[in-house]
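Chemist: Protein chains in written order, with my numbering: chain A, 1 to 219; chain B, 1 to 254.
Don't read these hints as lab results, they were simulated from the structure. Backbone N, C-alpha and C fix where the C-beta goes; we use that ideal spot for every residue, glycine too. Certain hints may be false.
Said to hold, decoys possible - Some but not every residue of chain A turned toward chain B, in silico, with C-beta under 7 Å:
hint, residue
1, A73
2, D75
3, G209
4, I212
To be verified - Simulated crosslink set (DSBU-like; lysine-lysine; CA at most 35 Å straight-line):
hint, chain 1, residue 1, chain 2, residue 2
5, A, K210, B, K243
6, A, K84, B, K11
7, B, K11, A, K210
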Amino acid sequence: MAIFDEELKALRERVLKLGFMVENAIRDSVKALIERDTELAKEVIKRDHLINALDVGIDEECVRLIALRQPMARDLRFITTTMKITTDLERMGDLAVNIAERAMELTEEPLLKPFVNIPKMAEIAQSMVRDTLDAFVTGCSRLPYEVIKRDDEVDELTVRNFEELLSFMLRDPKIIPLAVKRTYVAKYLERIADHATNIAEMVIYMCEGKIIRHMEFPE
Amino acid sequence: MVENKNIFGIKAFSIYYGDFMAVKNITLDIEASKITAIIGPSGCGKSTLLRALNRMNDLILSSWVEGEVLFQGVNIYQKDTDVIELRRRVGMVFQKPNPFPSSVYENVAYGPKIRGIKKKSQLDEIVENALVRADLWKEVKDKLNESGLSLSGGQMQRLCIARSLAQEPEVILFDEPTSALDPISTANIENLLQELQKTVTIIIVTHNMQQAARISNYTVFMYLGELIEFGDTDTIFVNPQNKLTEEYITGRFG
Numbered sequence: 001m002a003i004f005d006e007e008l009k010a011l012r013e014r015v016l017k018l019g020f021m022v023e024n025a026i027r028d029s030v031k032a033l034i035e036r037d038t039e040l041a042k043e044v045i046k047r048d049h050l051i052n053a054l055d056v057g058i059d060e061e062c063v064r065l066i067a068l069r070q071p072m073a074r075d076l077r078f079i080t081t082t083m084k085i086t087t088d089l090e091r092m093g094d095l096a097v098n099i100a101e102r103a104m105e106l107t108e109e110p111l112l113k114p115f116v117n118i119p120k121m122a123e124i125a126q127s128m129v130r131d132t133l134d135a136f137v138t139g140c141s142r143l144p145y146e147v148i149k150r151d152d153e154v155d156e157l158t159v160r161n162f163e164e165l166l167s168f169m170l171r172d173p174k175i176i177p178l179a180v181k182r183t184y185v186a187k188y189l190e191r192i193a194d195h196a197t198n199i200a201e202m203v204i205y206m207c208e209g210k211i212i213r214h215m216e217f218p219e
Numbered sequence: 001m002v003e004n005k006n007i008f009g010i011k012a013f014s015i016y017y018g019d020f021m022a023v024k025n026i027t028l029d030i031e032a033s034k035i036t037a038i039i040g041p042s043g044c045g046k047s048t049l050l051r052a053l054n055r056m057n058d059l060i061l062s063s064w065v066e067g068e069v070l071f072q073g074v075n076i077y078q079k080d081t082d083v084i085e086l087r088r089r090v091g092m093v094f095q096k097p098n099p100f101p102s103s104v105y106e107n108v109a110y111g112p113k114i115r116g117i118k119k120k121s122q123l124d125e126i127v128e129n130a131l132v133r134a135d136l137w138k139e140v141k142d143k144l145n146e147s148g149l150s151l152s153g154g155q156m157q158r159l160c161i162a163r164s165l166a167q168e169p170e171v172i173l174f175d176e177p178t179s180a181l182d183p184i185s186t187a188n189i190e191n192l193l194q195e196l197q198k199t200v201t202i203i204i205v206t207h208n209m210q211q212a213a214r215i216s217n218y219t220v221f222m223y224l225g226e227l228i229e230f231g232d233t234d235t236i237f238v239n240p241q242n243k244l245t246e247e248y249i250t251g252r253f254g
């Protein structure tokens, strides 16, 4: 059994590594946007294949463990949760790539207005990723529930960001292509936060064995 | 309603071998037409509990019990119980296939003959029916007069199941019925149990947790003579409520 415990530990560490890489991708893509750093944006895009490879590797390991170790109870919940979590993490990585692509396009154009909402959203989204993975690794606490609540803040910022850009677009239709790209970025971050919420819900399942997805009040 | 649903009602039931308390104050209802699996480490009392359900432990002189086992609402440990009739209604199949040293036909016809059925045509019908239900008929219909001991291990075990079925039992108790069989024979028996469950209540003791997970509706986990957890098999294997259960089924026991 000791071997199985070591395999589970190694698996957990790989998920953490994946989470760390995704967190960096989100941070760097937003940094590239704000600091108009094309090289950094390219870097994020280039690094995405590492995230993809790790996602595939973790999935393969999960299937192997299910086949060879026949996990039960909390082990089974841990492994099935891992398989689902990595899908969300990988999608977050793709969204960071999308942000980086918009960053490169926007950097070629004049700055419309300083970024206010997007850095805030990025910060919250990153903290959501970090905290859910903390809960995933350190075991069960109130943390995933807190993360789910934070999603509302991101949603509000998405709306506010859109409304502000809308007023710009109404005043000057020429800036619409630029403003639309900035709404895209907010939308990507909003999606990232949604994926983090998914992970938090799955961590709650892993810890407590109850599925709270698609319910109104997770408690 | 509840009376009909539960075929056994085990109430504050303990079993002793001399001074040793092998099963400790267990209260448990067994639902009819379901498969209930009893799991737990060696020496936890699971076979002892199983054998108490048709009073097989009577054969061990030092054993005695406290509490009640209600079978269809009647305590089987009350004085006037007809133990022979009880064992007809609650059959048993053991770990090692144990056909009688007689023909396939005689193995199955034995019980009905004891019950006083003499007519050849009626016996033929009972034997064929039992062998069909035990999924053995096709394999043995041309060698009914050959020795039961000439069959393969898996066939012998199905012959023992047929022998039990010929008695028209309401329950069959299985004590590790596949631990002496290869994986194919095991799968055959497991499929058979799931088929039989429609007409007979099944209680099975198994060391093979995957087997309990595969075939049972309910799982009982026992440890040191106590019932630690009882519940839907789904819950026990996905999200057990008791820490001991969790440790046992994840293989981190002790």
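Chemist: Evaluate each hint against the coordinates.
Modeler: Results of checking the hints against the structure:
Taken as an interface hint, A73/A checks out: its beta carbon lies about 5 Å from the nearest beta carbon of chain B, inside 7 Å. Because the beta carbon of D75/A sits about 5 Å from the nearest beta carbon in chain B, less than 7 Å, this interface hint is met. The interface hint given for G209/A is met, as the beta carbon of that residue sits about 3 Å from the closest beta carbon of chain B, less than 7 Å. At about 14 Å, the closest approach between the beta carbon of I212/A and any beta carbon in chain B exceeds 7 Å, and the interface hint on this residue is violated.
Between K210/A and K243/B the CA atoms are separated by roughly 17 Å; this keeps the pair inside 35 Å, and the hint holds. Proximity of K84/A to K11/B is assessed by CA-CA distance (about 44 Å); at most 35 Å being required, the pair is judged violated. Between the alpha carbons of K11/B and K210/A the distance comes to roughly 32 Å, so the proposed pair stays at or under 35 Å and holds.
Checked against the numbered hints given earlier, the structure breaks hints 4 and 6 and satisfies all the rest.
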